[in-house]
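Colleague: The residues making up each chain are set out below.
There are 2 protein chains.
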Amino acid sequence: MNIPNSDLPRVVIVGGGFAGISMAKKLKHLPVQLVMFDKHNYHTFQPLLYQVSTSGLEPDSIAYPLRKIMKNHKDFYFRLAEVEKIHSETNTITTSIGVLSYDYLIIATGTKTNYFGNEEIEHNAMPMKTIPQALNIRSLILQNFEKASITNDDEYRKALLNFVLVGAGPTGVELAGALAELKRNVLQRDYPDLNLADMQIHLLEGVDRVLPPMSKTASAKADKFLRDLGVHIHLNTIVTKYDGLNVETKDGLHLKAHTFIWSAGVTGNPVVGVTENALHEKVRRYIVDQYNRVQGYENIFAIGDIALMMSEEYPKGHPQVAQPAIQQGENLGENFKRLLKNQPLKPFVYKDKGSMATIGRNKAVADIKKLRFGGFFAWFIWMFVHLFSLVGFRNRVIVFFNWMYSYINFDKAARLIIRPFSVKKKEVEPEPEL
Amino acid sequence: MNIPNSDLPRVVIVGGGFAGISMAKKLKHLPVQLVMFDKHNYHTFQPLLYQVSTSGLEPDSIAYPLRKIMKNHKDFYFRLAEVEKIHSETNTITTSIGVLSYDYLIIATGTKTNYFGNEEIEHNAMPMKTIPQALNIRSLILQNFEKASITNDDEYRKALLNFVLVGAGPTGVELAGALAELKRNVLQRDYPDLNLADMQIHLLEGVDRVLPPMSKTASAKADKFLRDLGVHIHLNTIVTKYDGLNVETKDGLHLKAHTFIWSAGVTGNPVVGVTENALHEKVRRYIVDQYNRVQGYENIFAIGDIALMMSEEYPKGHPQVAQPAIQQGENLGENFKRLLKNQPLKPFVYKDKGSMATIGRNKAVADIKKLRFGGFFAWFIWMFVHLFSLVGFRNRVIVFFNWMYSYINFDKAARLIIRPFSVKKKEVEPEPEL
Chain A
-15 MNIPNSDLPR VVIVGGGFAG ISMAKKLKHL PVQLVMFDKH NYHTFQPLLY
35 QVSTSGLEPD SIAYPLRKIM KNHKDFYFRL AEVEKIHSET NTITTSIGVL
85 SYDYLIIATG TKTNYFGNEE IEHNAMPMKT IPQALNIRSL ILQNFEKASI
135 TNDDEYRKAL LNFVLVGAGP TGVELAGALA ELKRNVLQRD YPDLNLADMQ
185 IHLLEGVDRV LPPMSKTASA KADKFLRDLG VHIHLNTIVT KYDGLNVETK
235 DGLHLKAHTF IWSAGVTGNP VVGVTENALH EKVRRYIVDQ YNRVQGYENI
285 FAIGDIALMM SEEYPKGHPQ VAQPAIQQGE NLGENFKRLL KNQPLKPFVY
335 KDKGSMATIG RNKAVADIKK LRFGGFFAWF IWMFVHLFSL VGFRNRVIVF
385 FNWMYSYINF DKAARLIIRP FSVKKKEVEP EPEL
Chain B
-15 MNIPNSDLPR VVIVGGGFAG ISMAKKLKHL PVQLVMFDKH NYHTFQPLLY
35 QVSTSGLEPD SIAYPLRKIM KNHKDFYFRL AEVEKIHSET NTITTSIGVL
85 SYDYLIIATG TKTNYFGNEE IEHNAMPMKT IPQALNIRSL ILQNFEKASI
135 TNDDEYRKAL LNFVLVGAGP TGVELAGALA ELKRNVLQRD YPDLNLADMQ
185 IHLLEGVDRV LPPMSKTASA KADKFLRDLG VHIHLNTIVT KYDGLNVETK
235 DGLHLKAHTF IWSAGVTGNP VVGVTENALH EKVRRYIVDQ YNRVQGYENI
285 FAIGDIALMM SEEYPKGHPQ VAQPAIQQGE NLGENFKRLL KNQPLKPFVY
335 KDKGSMATIG RNKAVADIKK LRFGGFFAWF IWMFVHLFSL VGFRNRVIVF
385 FNWMYSYINF DKAARLIIRP FSVKKKEVEP EPEL
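Top to bottom, those sequences are chains A and B. Sequential numbering from -15 applies to the first sequence in my numbering. Sequential numbering from -15 applies to the second sequence in my numbering.
These are computed hints drawn from the structure, not numbers from a lab. Hints are supplied without guarantee of correctness; some may be wrong.
Remember, identical chains collapse to one label, so a pair may be satisfied in a single copy or spanning two.
[Stated by the list, open to error] Only pairs whose alpha carbons sit at most 25 Å apart, straight line, appear in this in silico DSS-like list of lysine-lysine:
id : residue 1 : residue 2
1  : K410      : K23
2  : K321      : K12
3  : K23       : K131
4  : K9        : K23
5  : K337      : K200
6  : K69       : K131
7  : K353      : K131
8  : K131      : K52
9  : K10       : K23
10 : K131      : K240
11 : K142      : K23
Chain A on its own, in the form it takes in the complex:
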């Protein structure tokens, strides 16, 4: 790989998500050579992916070129490639574009969709973890509307307009709310010849409440907001089968749907080559110490969703959301200053800033410190927190303008079928060819 040898220690970061970029930013003025690998040439602001899926935003407002984030780093190399294997004994990695040695390796590969071993579901469901996947969902929704408007077959039309979302975590809840608004505001105006009542949104959740990671107050409020918007919520419901049309559950619920979106869980996305001892078998996360050092290694670290830092307060590790990833990236970045000077490292302490989910227009829920609230105020805070978390001034302005526009006009502007999604030749995410 044509990365020049340097006298400086080479720090290799695998993954340009929240953890990876927070850490990389902290290394800016340090005497290191920084190499970052990612399968995409952009960072994705995942919390707003559901708005790309539902025609509210275009990708460029939630994505940010990784090269641009690091443009002022002196000794920085970005490589669009997949890291395939770690050889810790020789301090090298094998990637899709060649072999590279490292002095320090930072694994920030995050999670992937968890189908719990159900291959049929994996094959037929739509995941929503990346921008291409979100665009596939957008195309599929709009194509199904178009198909529904040309068929005379009632049963087929209803299946086309049936949207089944599995998993009522923040992603499922936010997506259900956005779909309900799409139905109410856009479908009615764009498809006057369709019967609105034919469109149904079903949200299926395995446990006994929506938003299980949040407080019971938040769950109850979100539940009410969703039902008010016409979403059918099915709790304690485990999906067992989806063949592309028929959804079946353990309790005998049967739905027919052409859109089946899976956000029922994630699992770690580790890299081959780190000893099995360091990988928690069930959750597939690397067990790290309080400095994010992978168990059993001196110079391999893991940060973000892929790291499992167990403590008294968090016996199962930190929640797999943006905040712990950002904070771990920053802490490890700061620790590198100390590491290079042989000073003692600072243990990671998670500052829980709370959690929020939005259901729709003026409707959100928030758990912040001891406060539990919902409605307009939560929605307002949700908006500003997300706006200011976006990378880059331009993206903030574009998102803000789109939100204002949608709010005033009850509209979603990006309802364009640009890359028709083909169920037959399903390729959920196109691979780069290098």
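For this one, chain A is given, so just place chain B on it according to the hints.
Modeller: Only chain B this time, still in chain A's reference frame:
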């Protein structure tokens, strides 16, 4: 096809380009049932496609949902489908989703890329007539930058960074200018390990000047602007071969390039079924009278690029650009009022508002009436004319903001490889599956 029978006459418009939507808008308050067919669910503002190709704009700012344009029409049906054949004897059409009868048929199918029968070039070149094609070019450019940054092979790297554009009409000229700015502003910052001088932009034109449809003054100015930006211009140059790497011309010029964009010409995109007499064999446009009625038919009309209205002033028909299309659509729409009242129709008279092309920052050329000017003032007018020609307030604001942002920051924000373009499995435009 499930379009209800109506007592009102059914007007079928094939194509939602400039001509189709201008006409449709005029029919809003008329007692007709309006049916529109298009292969996309959106209208494309083609003059700014080159900015999508070069990471300046996202598709949603130059595309507009067709259903939304007609949302206040009472008896309007949009169908995402291809019209395959016209049966004028029975007043019906066959489409990809069934058969439909019409009272009036309006053909507004525009043009398609003309490869002049060279199948090898057709197979290997990148066209730029639609949004998916423009996104393919965007991906290809950025992928080639990424590939160039990982290779140690000098010759391969130079071919990756060689951009050959064929045809120096407005599309080729604007694209060449935008690429030159991408090189100067973005490449340098994003790829510090690449040698800028390795990137070359070649603009090949068959006749003796760039912008052949414009004045000689405009051509000379555009030529200078392009050369100042470092574009290599090859005039009187006819491309004979492109095999995916080697470009060859009649005069023996040989270039090696992985990006080869073809905007050397267009040809009509007629629908099967109208008599050969009505179709001009060479340019594949329908010969129409001064009311846009297709020769030999009473109730079939053609408007826009597909219509060939020969007059003393325009013996070869009107130029195939936006203005004649918009004006013909409007005139025919107005004429429908008269037609329905059995009043005499108004012949079409083209008001030439002039032509313009932009080369880059502060650089454009304009021919307006007797005036020929170039530079900052032309660029300023170009910007405002294009902004106000966009469909919809939201698109204007988004484009305006993006332009201001790019202008101030010397940046192109949408440099994201979202759908990697695969040369091997080349599918220039994905087909909708209905």
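Colleague: Determine for every hint whether it applies to the structure shown.
Modeller: Hint-by-hint comparison with the structure:
1. For the homomeric pair K410 and K23, the shortest alpha-carbon distances inside one copy (20 Å) and between copies (21 Å) are both at most 25 Å.
2. Taking the shortest Cα distances, K321 and K12 sit within 25 Å of each other inside one copy (11 Å), while across copies they are farther apart (68 Å).
3. Taking the shortest Cα distances, K23 and K131 sit within 25 Å of each other only across copies (13 Å), while inside one copy they are farther apart (34 Å).
4. Taking the closest pair of Cα atoms, K9 and K23 come within 25 Å of each other only inside a single copy of the chain (19 Å); across copies the shortest separation is 45 Å, beyond that limit.
5. Taking identical chains as interchangeable, the C-alpha atoms of K337 and K200 lie at most 25 Å apart only when both belong to the same chain, with a minimum of 18 Å there against 64 Å between chains.
6. In the homo-oligomer, the alpha carbons of K69 and K131 lie at most 25 Å apart only across protomers (21 Å), although the nearest pairing inside one protomer, at 44 Å, exceeds that limit.
7. With identical chains, the CA atoms of K353 and K131 are never at most 25 Å apart, being 47 Å at best within one copy and 48 Å at best between copies.
8. Taking identical chains as interchangeable, the C-alpha atoms of K131 and K52 lie at most 25 Å apart only when they sit on different chains, with a minimum of 17 Å there against 41 Å within one chain.
9. Taking CA atoms no more than 25 Å apart as the test, K10 paired with K23 passes inside one copy only; the shortest distance there is 22 Å, against 48 Å between copies.
10. Taking CA atoms no more than 25 Å apart as the test, K131 paired with K240 passes inside one copy only; the shortest distance there is 16 Å, against 45 Å between copies.
11. Taking identical chains as interchangeable, the C-alpha atoms of K142 and K23 lie at most 25 Å apart only when they sit on different chains, with a minimum of 24 Å there against 38 Å within one chain.
When the structure is compared with the earlier hints, a violation turns up for hint 7 alone.
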